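Visitor: Sequence:
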Amino acid sequence: MMADTIRTLITGVDQLSPTLATIRNNVKGLETSLGTIEVGKAVTDNA
1 MMADTIRTLI TGVDQLSPTL ATIRNNVKGL ETSLGTIEVG KAVTDNA
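Sequential numbering from 1 applies to the sequence shown in UniProt numbering.
For the record, the hints were derived by calculation from the structure and aren't laboratory data. Keep in mind the model is a prediction, meaning the values are calculated, not measured. Even glycine gets a Cβ: it sits at the ideal position worked out from N, Cα and C. Careful, some of the hints might be misleading.
What the hints assert, rightly or not - Pairwise CB distance ranges (calculated):
hint, residue 1, residue 2, range
1, Asn25, Ala3, 28 to 36 Å
2, Ile37, Ala3, 49 to 57 Å
3, Gln15, Asp45, 40 to 48 Å
4, Met1, Ile37, 46 to 54 Å
5, Thr36, Val13, 28 to 36 Å
6, Val39, Met1, 51 to 59 Å
7, Gln15, Gly40, 33 to 41 Å
8, Ala3, Lys41, 53 to 61 Å
9, Thr36, Leu16, 24 to 32 Å
10, Leu30, Met1, 37 to 45 Å
Can you build the whole structure from these sequences, using the hints too?
Guide: Here you go:
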């Protein structure tokens, strides 16, 4: 019984890992984009 539960959890994690990696990369890209926007805003505000 416990082995089945552990196997199910491991299977779920294995199936979610690629999706979570994609989400992590999307968030990194968004952070980069927002950082670029903030730098651009700072430059135009100080010009």
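Visitor: It remains to establish, for every hint, whether it holds in the given structure.
Guide: Against the structure, the hints come out as follows:
Distance hint for Asn25 and Ala3: a CB-CB separation of about 34 Å, consistent with the stated range 28 to 36 Å. Range check, Ile37 to Ala3: about 50 Å between beta-carbon atoms, so the 49 to 57 Å window is met. The given range of 40 to 48 Å is respected by Gln15 and Asp45, whose C-beta atoms sit roughly 46 Å from each other. Hint check: Met1 to Ile37, Cβ distance near 53 Å, so the stated range 46 to 54 Å holds.
The supplied range of 28 to 36 Å is met by Thr36 and Val13, whose beta-carbon atoms lie about 34 Å from each other. In this structure the supplied range 51 to 59 Å holds for Val39 paired with Met1, their Cβ-Cβ distance being about 56 Å. At about 40 Å, the beta-carbon gap between Gln15 and Gly40 stays in the expected band of 33 to 41 Å. A hinted range of 53 to 61 Å for the beta carbons of Ala3 and Lys41 is consistent with their spacing of about 55 Å.
A C-beta distance of roughly 30 Å is found between Thr36 and Leu16, which places it inside the suggested range of 24 to 32 Å. At roughly 43 Å, the beta carbons of Leu30 and Met1 sit within the given window of 37 to 45 Å.
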